[in-house]
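Trainee: All letters in the sequence shown, in the order written, are residues 1 to 585 by UniProt numbering.
Hints listed in this document are in silico derivations from the structure and should not be mistaken for laboratory results.
One thing to keep in mind: the hints can contain errors.
Restricting the straight-line Cα-Cα distance to at most 25 Å, the calculated cross-link-like pairs of lysine-lysine (DSS-like) are [stated by the list, open to error]:
1. 468 - 435
2. 238 - 361
3. 529 - 406
4. 317 - 2
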Amino acid sequence: MKELQHINKYFAKYKGRLFLGLIITIAARIFALYVPQFIGDSTHVIEQYINDEITDASYVKSTLIDNILIILGATLISAFLTFLMRQTFIVVSRHIEFDLKNEVYRQYQALSLNFYKKNRTGDLMNRISDDVSKVRMYTGPALMYSATTITLFVVVLAYMISTAPMLTLYTVAPLPFLSFAIYKLSREINKKSTIVQQYLSKLNTYTQESFSGITVIKSYGLEQQINKEFVELSNMNKEKNIDLVKVQAFFFPLMVLLIGISNILVIYIGGKQVISGEIDNFGIIVEFLLYVNMLTWPVATVGWVADMVQRAEASQKRINEFLSEKPEINNHSDEETEINGDIEFKNITFTYEDTGITALKNVSFNIHPGETLAIIGKTGSGKSTILELISRLYDVQNGELLIDKKEIKQLHLSSLRKAIGYVPQDAFLFSDSIKNNIKFGKNDASEEEVMTAAKNAAVHKNITNFSKGYDTVLGERGITLSGGQKQRVSIARAIIQDPKILLFDDCLSAVDTETEEEILNNLHAISSKKTTVIVSHRVSSAKNADKIIVLEDGEILQQGTHNQLITKEGYYKELYLKQLSEKEN
Numbered sequence: 001m002k003e004l005q006h007i008n009k010y011f012a013k014y015k016g017r018l019f020l021g022l023i024i025t026i027a028a029r030i031f032a033l034y035v036p037q038f039i040g041d042s043t044h045v046i047e048q049y050i051n052d053e054i055t056d057a058s059y060v061k062s063t064l065i066d067n068i069l070i071i072l073g074a075t076l077i078s079a080f081l082t083f084l085m086r087q088t089f090i091v092v093s094r095h096i097e098f099d100l101k102n103e104v105y106r107q108y109q110a111l112s113l114n115f116y117k118k119n120r121t122g123d124l125m126n127r128i129s130d131d132v133s134k135v136r137m138y139t140g141p142a143l144m145y146s147a148t149t150i151t152l153f154v155v156v157l158a159y160m161i162s163t164a165p166m167l168t169l170y171t172v173a174p175l176p177f178l179s180f181a182i183y184k185l186s187r188e189i190n191k192k193s194t195i196v197q198q199y200l201s202k203l204n205t206y207t208q209e210s211f212s213g214i215t216v217i218k219s220y221g222l223e224q225q226i227n228k229e230f231v232e233l234s235n236m237n238k239e240k241n242i243d244l245v246k247v248q249a250f251f252f253p254l255m256v257l258l259i260g261i262s263n264i265l266v267i268y269i270g271g272k273q274v275i276s277g278e279i280d281n282f283g284i285i286v287e288f289l290l291y292v293n294m295l296t297w298p299v300a301t302v303g304w305v306a307d308m309v310q311r312a313e314a315s316q317k318r319i320n321e322f323l324s325e326k327p328e329i330n331n332h333s334d335e336e337t338e339i340n341g342d343i344e345f346k347n348i349t350f351t352y353e354d355t356g357i358t359a360l361k362n363v364s365f366n367i368h369p370g371e372t373l374a375i376i377g378k379t380g381s382g383k384s385t386i387l388e389l390i391s392r393l394y395d396v397q398n399g400e401l402l403i404d405k406k407e408i409k410q411l412h413l414s415s416l417r418k419a420i421g422y423v424p425q426d427a428f429l430f431s432d433s434i435k436n437n438i439k440f441g442k443n444d445a446s447e448e449e450v451m452t453a454a455k456n457a458a459v460h461k462n463i464t465n466f467s468k469g470y471d472t473v474l475g476e477r478g479i480t481l482s483g484g485q486k487q488r489v490s491i492a493r494a495i496i497q498d499p500k501i502l503l504f505d506d507c508l509s510a511v512d513t514e515t516e517e518e519i520l521n522n523l524h525a526i527s528s529k530k531t532t533v534i535v536s537h538r539v540s541s542a543k544n545a546d547k548i549i550v551l552e553d554g555e556i557l558q559q560g561t562h563n564q565l566i567t568k569e570g571y572y573k574e575l576y577l578k579q580l581s582e583k584e585n
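Construct all of the structure, not just a fragment, from the sequences and the given hints.
Mentor: So, in structure tokens, the structure goes:
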């Protein structure tokens, strides 16, 4: 139960509703207690009439009618209170499920990029969906049935002991054996539940990746291989579930056996006590049989509750593993900061922890507001890392990164990121309309602003050619659009928020040179007071920049303007001449 202590704060939050549910539960069980009592009383009256202890038939008839009405009334009241009990406990469990999912989601949002590099999407989804659902069963049905069972045992056993102490002792004798069996089985269920959840995560991850990569799978004709691997993983998942079910299968037969033994003991011991005169009312035997069977369902739920608790603990343990993760990127400022866009790198060296690759080595440069910096270099030279550091997706390890002459960690994190329009190398679009994808950069943007951003990104004409225009709903990851269209919609999304800093990570690679020139001219017009950083493999994207740096293996190889660099021997001039000749051809 250690892992489930995390849920206690939610129990405290809804303690008022839970206390009301407990009161209703007690009331429902008290009214349910009347049924066996009056059935026993009716049996005793009939017994007295048969034995000629009562000779007035009308008295017997009226007594039976009164008892029937009381039994019917008590049953209806108990049923209504049980309905209210379920409404109270189950609704609370749904509230807790909602709160826990939000807590997990907020944690996912707060965690850094390294976390997502180490964990798969399918596993993340499984923990926030299936694992949280298992925990909900603990906060709702398990709690409700526990309260019902405890209340019923206290109420029923108290009455049974006051009526026939020795018979009660024999009746409940099998229960300690049941408790011990449940303890042993629960430990085994906990182990197997953890394994089942792990395999379910693997299955979800494999499925999610297969659906996301369906284009590659079909292109390479790997459907049969993928299906074979999926079947193997499904069979392993099935085997683990069967192992769990085999253990769970012991619960119900074991309880039926022990309840049956209790019934036999009531009939045998109670019958002997009636014959010996220790019990002078045969109706008590009927009452006890009804009480034992009344306890059958609560006792049966003990196993079910134990199973739910063990599953919930296994799931909560998996959830806690992520909730205990500390975000690597933290906000160190309480006050929002106005960002102007002055950027300075001072002797920065950066190594990725997950790969051990040193992406930047002693890099220094500065950009002032209104200036454009272009970064050129081969794949893996560290270009994208510079943008990720400016966005503070990673923290600087060695050296200093200053924004407006302040250490970047001193700035309010939200203010910094709101001031940045970032277009990543891999343009990601959501499964929503084109309009909403552009408005993602500015939720309250008007129709005119959306269209202006699209025109500046040279994608307006493409959008209007669609049958539904800006209301066209995209497929997953924007699969409806071409690579160039996705990049241009991403650019529109970045510039619509009118940020102080624009970061473009090779986001024009999928467009032709004519469209590239149009976009660059539009960007030049709207970024006169903005700080712009363009990462590219094309000289055409960099030539109009105020500054150009050439990276190789994380080090600055060359820097200067376009006119300066084409006159110097080196990578930039070679790239320029190569691309110039390709263009001429």
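Trainee: Hints first: check each against the structure and report whether it holds.
Mentor: Here is what the structure says about each hint:
Taking the CA atoms of residue 468 and residue 435, the gap is about 11 Å. The hint holds against a cut of 25 Å. Pair hint residue 238 plus residue 361 does not hold up; C-alpha atoms about 50 Å apart against a cutoff of 25 Å. For the hint pairing residue 529 with residue 406, the CA-to-CA distance comes to about 20 Å; that is within 25 Å, so the pair holds. As the CA atoms of residue 317 and residue 2 are separated by approximately 9 Å, the hinted pair is consistent with the 25 Å bound.
Figure legend: structure checked against the earlier numbered hints; the only hint not met is number 2.
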